[in-house]
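Engineer: Here's the letter readout for the chains.
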Amino acid sequence: MAAPLSVEVEFGGGAELLFDGVKKHQVTLPGQEEPWDIRNLLVWIKKNLLKERPELFIQGDSVRPGILVLINDADWELLGELDYQLQDQDSVLFISTLHGG
Amino acid sequence: MCQVGEEFGEPAPEELPPPRSGRELKCMKCKDVLPVVVIRAGDAFCRDCFKVFYVHKFRAVLGKNRLIFPGEKVLLAWSGGPSSSSMVWQVLEGLSRDSAKRLRFVPGVVYIDEGAVCGQSPEDRAKTLAEVKLILQTVGFPWHIVALEEVFSLPPSVLRYFAQEPVGTKGAYKVAVDSFLQQQHAPAQGEEQQSQPGTQDPQSPAGPPTAAQTEALSRLFNSVKTLTAKEELLQTLRSPALLCRTHLILHVARTHGYSKVMTGDSCTRLAIKLMTSLALGRGAFLAWDTGFSDERHGDVVVVRPMRDHTLKEVAFYNRLFGVPSVFTPAIDTKASEKASIHRLMEAFMLRLQAQFPSTVSTVYRTSEKLVKAPRDSGAAGPQGPRCLLCMCTLDIDTADSATAFGAQTSHLSQMQPPTPPAETPTVPCCSAGVGRAQSCCQGAGPCGRKDPRGHVIEQLCYGCRVNMKDLPSLDPLPPYILAEAQLRSQRAWVSQEIQEYLIEDSDDEVHTSES
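Heads up: the protein sequence lines correspond to chains B and H, in order.
So in UniProt numbering, spot 95 of the first sequence is number 95, and the numbers just go up one at a time.
So in UniProt numbering, spot 213 of the second sequence is number 213, and the numbers just go up one at a time.
One chain only, chain B, in its complex shape (with noise of 0.2 Å):
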């Protein structure tokens, strides 16, 4: 049993614009049986944070491919992606690098 996290969650290069133009979100992930990784963040995220064209953020149980992922200003890449297991007071950060965000 995991106990609830607090993290932030910011978006970037027009991806904000999915999240009501808001670029930070401070939230409080709850408690939950299996550890929070950034697997369960994005799904997580779409159905808590995620306003409209879901299909513009999150393809199969990813982002889209173009959107880069920043977990406390390093490169996801270094930290397992979506297997990364998230520490209370995080910072996770999605730049959208697609044309007009």
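These aren't lab readings, by the way, just hints derived from the structure by calculation.
Accuracy of the hints is not assured; some may be wrong.
Lysine-lysine pairs mimicking DSBU-like chemistry, simulated, CA-CA at most 30 Å apart [stated by the list, open to error]:
no.	chain 1	residue 1	chain 2	residue 2
1	H	LYS57	H	LYS260
2	H	LYS133	B	LYS23
3	H	LYS64	H	LYS338
4	H	LYS127	B	LYS23
5	B	LYS46	H	LYS338
6	B	LYS51	H	LYS369
7	B	LYS47	B	LYS24
8	B	LYS47	H	LYS338
9	B	LYS23	H	LYS338
10	H	LYS133	B	LYS24
11	H	LYS51	B	LYS24
12	H	LYS260	H	LYS101
13	B	LYS24	H	LYS127
14	B	LYS51	H	LYS338
15	B	LYS23	H	LYS51
Given the coordinates of chain B, work out where chain H should sit on it, guided by the hints.
Structural biologist: Frame of chain B; chain H shown alone:
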């Protein structure tokens, strides 16, 4: 590359070490610090090494090509987006370096305000502009802000090719550097160039564009049926916007004496552009559209110094080193993947790239090898006919109509509404019948073709012709395009008229001297 899903059932069988081991990885350069970014498969860099790598790449591109001469005026085309912002910052940093490594050209920045075609409200536009100005003031280069609406007041000469004496040989570059260095020894010379305050250029009207112009512009864009054609139009104006954008930037460059324009196209963007251009029938111009330098305008050369940087590198650099950029929604913001060829190609490339990390670099390396001037080899004949919109040498060969391509293009030009029935399209209307003042004669010039659409289309390259099919009427086009089209067809008609009086020899001479 084509075998997606054949052997690799699981997504991306990365050669990266298993999850979490990344934490133990060290920067591949200094082997000391924890890395923050992975460039290419497996190359992890720490913050400092990444910065060195990034800056070096920018300078290397400029150094390798030796196109920009010391003291030359260079216009930085800044859209507010990440790549061009990064480019402006690189130039800023390059100019502040100490003597030996300093960039030696004189920059200015141009920003095209496209709010009108992106559905921004006047308030939003004003807000964006305020942000833009704030950044421009921080940068401190001379700047020009131009509203896209100003395409309606462009002169037709924008569409002309101005020849320039060939420069750019190694010898010439060295001489220029030497003389520049000598000049610098003369007191205060260098200082003067720097001291230009970054003020709004007085010539370009600072006031907001008139409502009528805004309306005319949206009329033009709304009349374009597909997003693909819109994106192309924007490109040139920037294609009307790209088409419009290029023409505007070119105009600013010419009126202010800039001889180079730098754009922020990244390698990812260029790879996508290459594939898109192919799909749009612009294969003949790939080298112009995606190469390092683009001399299609003659006197003003477009260079792309960011073409070695991937979008990922740009995004990381901007984030890590706080490069400000302005996000403005574009025409295609929130458009679905299948909305236009551009979007589709982008999604295709990026998805392929996610599974095969060398996709973009492979495509982009290919673009490097392409050679310009497909038709008139050598000195891209300034005399040769050029496309009215994209200004590339025409790839349409009417003589070659036996081929499928020829058949298609002649079909295209015949498709124009055959308004006056019994009239061959080559006869100028004024000589044909005075009663028919209806179409062109009342307007700009005395002797246009009966069917203005026909003579505009005739002056376009294949890609632009196809594009124009999505624009049902030419009326909303900015006047400078129509005026230049008229002028060109008149000139063609006149030279045809006097053809028989010309002495054959002189014609041959022109040809031989050209080649």
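Engineer: To test your reading of the hints: which numbers does this structure violate?
Structural biologist: Result: hints 3, 6 break, sorted rising.
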